[in-house]
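Quick one: dock chain against chain with the hints and give me the complex.
These protein sequence lines are chains A and S, in that order. In terms of my numbering, the first sequence has 395 at position 395, counting the first letter as 1, and numbering is strictly consecutive. Numbers given in my numbering equal positions in the second sequence, counted from 1, plus 454.
You may find that some hints are simply not true.
Derived DEER-like restraints, expressed as beta-carbon distance ranges [unchecked claim]:
| hint | chain 1 | residue 1 | chain 2 | residue 2 | range |
| --- | --- | --- | --- | --- | --- |
| 1 | A | Pro47 | S | Glu585 | 26 to 36 Å |
| 2 | S | Ala754 | A | Gly149 | 34 to 44 Å |
| 3 | A | Ser26 | S | Gly712 | 38 to 48 Å |
In silico negatives: residues of chain A with every beta carbon more than 12 Å from chain S [to be verified]:
| hint | residue |
| --- | --- |
| 4 | Ser141 |
| 5 | Pro357 |
| 6 | Gly359 |
For the chain S half of the interface with chain A, some residues (derived, Cβ under 7 Å), not all of them [claimed, not checked]:
| hint | residue |
| --- | --- |
| 7 | Asn523 |
| 8 | Gly578 |
| 9 | Leu649 |
| 10 | Leu659 |
| 11 | Gly660 |
Simulated from the structure, these hints should not be mistaken for laboratory data. Treat the numbers as computed from the prediction; the structure is a model and nothing was measured. Glycine residues also receive a C-beta, built at the ideal position from the N, C-alpha and C atoms.
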Amino acid sequence: MTGESFPADAACLLSTRSLAVGRAGSPVVRDIDFDLAPGEFVGLIGPNGAGKSTFLATLAGVLEPVRGRVFLLDRELSGYRPRARARILTYLPQNPGEDDAFTVAQLVAIGRSPYLGPFSFGTSRSDVRAIEMALERAGASAWVDRPVGTLSGGQRQRVRIAMALAQEPGVLLADEPTSALDLGGQLDLMLLLAELARQGLGILAVLHDLNLAAQFCTRLVLFFDGRVQADGPPAAVLSEESVAQAYGVAVRVAHHPLSGAPYLLPRIALNRPSRTSRIHLVAGGGSGRRLIPKLADMGYDLSVGILDAMDSDQQLAADCRVPTLTEAPFAPISEASIQRLGGILDTVDAVVVAPCPFGPGNLPNLEAVVRARVPVYLVDPPGIAERDFSGGRATVLYEELLCNGARLLSEDELLARFQVATTRQLREVLPAEGTSASGASSRSSMEPENRTGG
Amino acid sequence: MILAAALGVRYGTVPISNQILWHVITGQRVDPALRTILLQMRLPRVLLAIGAGAGLAASGVAWQGVLRNPLADPYLIGVSAGGALGAGIAIAFDLEWPGGVSAVPACAFAGALLAVGVVLALAGTRQMRIERLILAGVAVGAFLSACLAVLLVWKSNRMPAVYFWMMGSLAPPRGWPDLLRAAPYLGVGWGVLLLMSGPMNVLQLGPERAHALGIDPRRAQLALIGAATLLASTVVATCGMIGFVGLVVPHMARMLVGPDLRRTLPVATLAGALLLILADLVARLAGEIPVGVVTAFLGAPFFLFLVLRERSA
Chain A
1 MTGESFPADA ACLLSTRSLA VGRAGSPVVR DIDFDLAPGE FVGLIGPNGA
51 GKSTFLATLA GVLEPVRGRV FLLDRELSGY RPRARARILT YLPQNPGEDD
101 AFTVAQLVAI GRSPYLGPFS FGTSRSDVRA IEMALERAGA SAWVDRPVGT
151 LSGGQRQRVR IAMALAQEPG VLLADEPTSA LDLGGQLDLM LLLAELARQG
201 LGILAVLHDL NLAAQFCTRL VLFFDGRVQA DGPPAAVLSE ESVAQAYGVA
251 VRVAHHPLSG APYLLPRIAL NRPSRTSRIH LVAGGGSGRR LIPKLADMGY
301 DLSVGILDAM DSDQQLAADC RVPTLTEAPF APISEASIQR LGGILDTVDA
351 VVVAPCPFGP GNLPNLEAVV RARVPVYLVD PPGIAERDFS GGRATVLYEE
401 LLCNGARLLS EDELLARFQV ATTRQLREVL PAEGTSASGA SSRSSMEPEN
451 RTGG
Chain S
455 MILAAALGVR YGTVPISNQI LWHVITGQRV DPALRTILLQ MRLPRVLLAI
505 GAGAGLAASG VAWQGVLRNP LADPYLIGVS AGGALGAGIA IAFDLEWPGG
555 VSAVPACAFA GALLAVGVVL ALAGTRQMRI ERLILAGVAV GAFLSACLAV
605 LLVWKSNRMP AVYFWMMGSL APPRGWPDLL RAAPYLGVGW GVLLLMSGPM
655 NVLQLGPERA HALGIDPRRA QLALIGAATL LASTVVATCG MIGFVGLVVP
705 HMARMLVGPD LRRTLPVATL AGALLLILAD LVARLAGEIP VGVVTAFLGA
755 PFFLFLVLRE RSA
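In isolation and in its complexed conformation, chain S is listed as follows (with noise of 0.2 Å):
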């Protein structure tokens, strides 16, 4: 994990040596160029990737967990869609905060947590029932696709920045203040899933058990969800739609130590903060090409690989 923080540092269109790196922690005097570099773009980079991976690895534990599907990843109830609309509303017509700050990230927030109110209000919360839950959130997702088509018709000229941007990117303009606005919702949302993740383990069995064995499940999946759509989105509002991720590693950390959600969520997390790292190197060096598709080149053969190798056992 350190070393790959420290390749991810390191590489980039002016690489840096291990003794400059060396001498930026212990304080020493170094070019101060290098030193913008490494501390005002390298390192949130780096820290973000950690980030974001950590927190759609966690998310989509939980969603697996709660929807008891193999096939559930942190976009599939509405995240994807209302952020895609939010961001390419404030793309389109170019909304500012007064001061020139982007909207964007805001407007994803403020999306995706939308489209998950309203699929959960769609499929109630009174008696969650999991298949609701999911057409809901298939046909909410259709209809706001829709709506985002057509407002990429309607403004044409803006649509390659739309499409950019649900490509999904850690590269600048990206940097401390976007870091510093994420990590609470990160923190958050992340320390409420670890600690309901003996609750998330027992839900596996299906709401019934849990509650023979002493949980309230509507609770602990109303409380999954709003931390696991938390940390969804406010990953699709900083860094747009990186696919994969929250999808496939939680898989892998379930072949890796097995299904009790306890023990795969910290690995989880790691994993996906280690993925991230490694993806946005390789997205850097091949000339800024977006993560997401990073992600999905290097996940998906491996995944395969521990599927097949799963099934050859």
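For reference, chain A alone in the conformation it holds in the complex (with noise of 0.2 Å):
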């Protein structure tokens, strides 16, 4: 379809060989050299400077190269008459001009000019076919009478798009296409390009957004330094070494849990406030999502443990640079990890203990808290009884911790307060220094090791 006006063959449709771009003659990136294929959608990605749009406005032709060539079908770019360029090559700039006072379809039968003389309107019935086929390709067909400033972010998009394939292009450069849009809008334009692409277009668009950007473009190059620091397939360029290089930022690159594509974490490392108190977090399978980055945050001197090493929360403990006491996966927790565990529960200020389920191989932990004479909060709903799968045990050790005054607390009044409170103010769930208390402590401490014992 898009194959018409050149070789559909083409095995490259533009190419750069020892490219310098730059404005005004001096270099910004230097040493270029990209093959842009039929079918490859490229995202061209890097921090603000990097040269991006520079090197786009280049291709286009817009400027002039610095240094070395740029070939559009084995011919040299600077060869072509402009209007023989425009048949082959569209660029869609980050400013696209006033095109509000338009309809839809006058703006997009604009699109024919490289095919128009000078007193033609673009109705013959070649250029007539080209506009249907081009609105109806960008999706635009049902807007046609409406002025384009009537039109949404996205849908104006969508027209300009329509416009562009209304000149029968091979090669379609557009500059930050979806920076102006909202989500809906981005998700759109860029299925759009994709399936554009998958139609045999070759595609280059500056993208910001890199998870947009690994999740739908089949190649990435990334600008930075004045070089093209990488080039390949998102999973290759998208490291925790080159993103923080280029960007500065240190990221977790992880796995779109929906579409397995590279997905971007940045680690926020907040100016965290320093506190001096020391707290211990029981969690699991995924119950300290909130509790571990917000104490941490929180500048809370944090440990948690004891966790199975593949468990989420020790992945994310790890993330937000919290120290963590784990035992291998699956294994039953030794007695040295709960030595070191007891250990750490003498020196703290406070155990949280987050809504995770217990079951045989994790209840040595709450064992540990019911010997160790700590303030405790409990944090609840879900209630126990949800998730307890230790036989009832992991209930009666809470009702121990709750007649030792244990505080049970949602998460929302846990954070609440632990924002705001001193360590005289945590301890205060210490039960008083009185001899029910200690009593109860000290029964407490012994039945459940009757209880593991029997």
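Quick look at the structure:
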């Protein structure tokens, strides 16, 4: 479809050799050897000022190369007449100019300009067909009679793509096509571009949303420090090192849970206030997904455990730079780990028990907490009855903790209290040094041992 | 249009009846005095109104398209200031060609072209920046106006003549020679605009998108500015400064036929010619007041009406 005005079997649409680009003769990016093949959707990424737009404008012929050469279908770009070039390559600049007053039909018809003589309005049969097809492919047919100014941002971008398609090009260069769009508009436009690439168009787009780029692009090119730093499939280009180097941002490269594409999670290093209170968190199975980062951000000297080494809370704690006690995956908690946990519990100002499920595998955590004489905060709901998989033993332990003065709080209440509490206030939960409390404490520290023993 | 032209020919200090007009057209014998008034005074005056109105309106369309600024008019980047200074010099010093022909038109023409040339040189034609062009135009205009002011202070006895010229008029002594002198320039300028109306339309979207559509924006801008300047300078040299037509008629045409400049250009051309014939008729019947005053009187309320109607629609 797109191949009518040039050989459809072209292996390479656009390529550069030792290209240096810049404005006013001074190079911003050097040594660019770039190729664009039909069907590719290449995302051009890099920090602000890296020269992405300059590169794009040079490929479009708006700017002259500072050095090196640009080839369009194996012929040098500068050798084309503007109209001939516009039948093969089109360019959507960041600033689309004033097109509000035109109707969609008028604007898309302007896309036929490279084929029209001086007094032609684009009304020949082939023009009309090309315009209809462009509207169709861009999904803009429904708005033909509406002025562009009355459309939403995403619809306008679709119309501009339709105008570009009316040129029947093989190459589409787009400078930040999604930057002004809302979430739905962004996804919509990226889907459209990916579909157009699938139909054989070669697309190069400057993109700022790396996750969006990783999701839809077949290839990414990273510009940084005046060079092409990486060029390849998204999974190869987006590494923790490359992102840290180019953007100065620490990220974890995860995978999009629904698509498997690389997905960047910035590690947000807040200016943590420093608190002297030490807190231990018993969590696991994702029950710490809010508590771990929030308590760490509040500046508490936090530790988490004992966790399975593959637990998602373990990964999260590592990302938050929070020390953990871990046990090998699916192994029972060892005596040595219980010893270490006891040592930690002796030094903390308070223990928080996240609403995690308890079963035989992690029950020793709860037993250790009961043994230690520390202020305990139990996060609830969900209630222990719903997450007790230890045959009722965890429920008993909870009751004992409550008898000993442990406080039962919802997650929000707990976070609100810890946001403002002093060490002293945290410790107030500790039962008064009376006989009943110590009696309860000693009894509780014996009972579970009896049970485990029995 | 034809009706307006007929009205323009008939009315004046001496009214001429339809019958006599018909007789002149068909070559029958009429009173020689009336015939002279008709052919030597009224007809060239109406044709001049057509030429000037069409020229200013077309020029305005081009300026608004190229500068992408709704306030752009043919006088924005130096045509008026340069033309006024040129004419001012010629009037103040009574410059004449050998043979007693006034040098005012030639001086105004030269002044206008020179001023635009300076503005273009200052703004730089290699990488044309619209903002720079407008700013340079305003600065050069202010400077030339200051020069004119100094000149008028020195030659204060000439101030009324210069001032009257600046308000613009189609009245005699302008006649066939002026019309014939202006016609080729008007024709060339308008022809270039018509030929370039496609690129002009695309340039509204900005130079980068024009480029993407296979148009060399720099060359197109230069050609359009050149043609628009030629039109405006020719009109200024022949009729002085007739305001409002170049600013408002393009907007009116836009409201009538939409933003496609390939349609706006011919519509604005016709509307400009029509407006100026009628304005000149009114000016003549009101005792030869400057036609520029009339265009503003007639045009401003009509324009406001269009703006308000558009807003309520």
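For each hint, the structure was consulted:
For A/Pro47 and S/Glu585, the hinted distance range of 26 to 36 Å is satisfied, since their beta carbons lie about 28 Å from each other. Distance hint for S/Ala754 and A/Gly149: a CB-CB separation of about 26 Å, inconsistent with the stated range 34 to 44 Å. At roughly 43 Å, the beta carbons of A/Ser26 and S/Gly712 sit within the given window of 38 to 48 Å. At the 12 Å boundary, the C-beta of A/Ser141 stays outside the reach of chain S, the nearest C-beta of that chain being 20 Å off.
Distance to chain S confirms A/Pro357 as a non-interface residue, since its nearest Cβ pair spans about 59 Å, more than 12 Å. The non-interface label for A/Gly359 is consistent with chain S: the shortest C-beta to C-beta separation is roughly 64 Å, beyond 12 Å. With its C-beta approaching chain A no nearer than about 10 Å, S/Asn523 sits outside the 7 Å limit, and its interface hint is violated. At its closest, the beta carbon of S/Gly578 sits 12 Å from a beta carbon of chain A; the interface hint therefore is violated under the 7 Å criterion.
Among the interface hints, the one on S/Leu649 holds; its C-beta lies about 5 Å from the nearest C-beta in chain A, closer than the 7 Å criterion. Among the interface hints, the one on S/Leu659 holds; its C-beta lies about 4 Å from the nearest C-beta in chain A, closer than the 7 Å criterion. A distance limit of 7 Å between C-beta atoms decides the matter here; for S/Gly660 the minimum to chain A is near 3 Å, and the interface restraint holds.
Violated hints for the displayed structure, listed by number in ascending order: 2, 7, 8.
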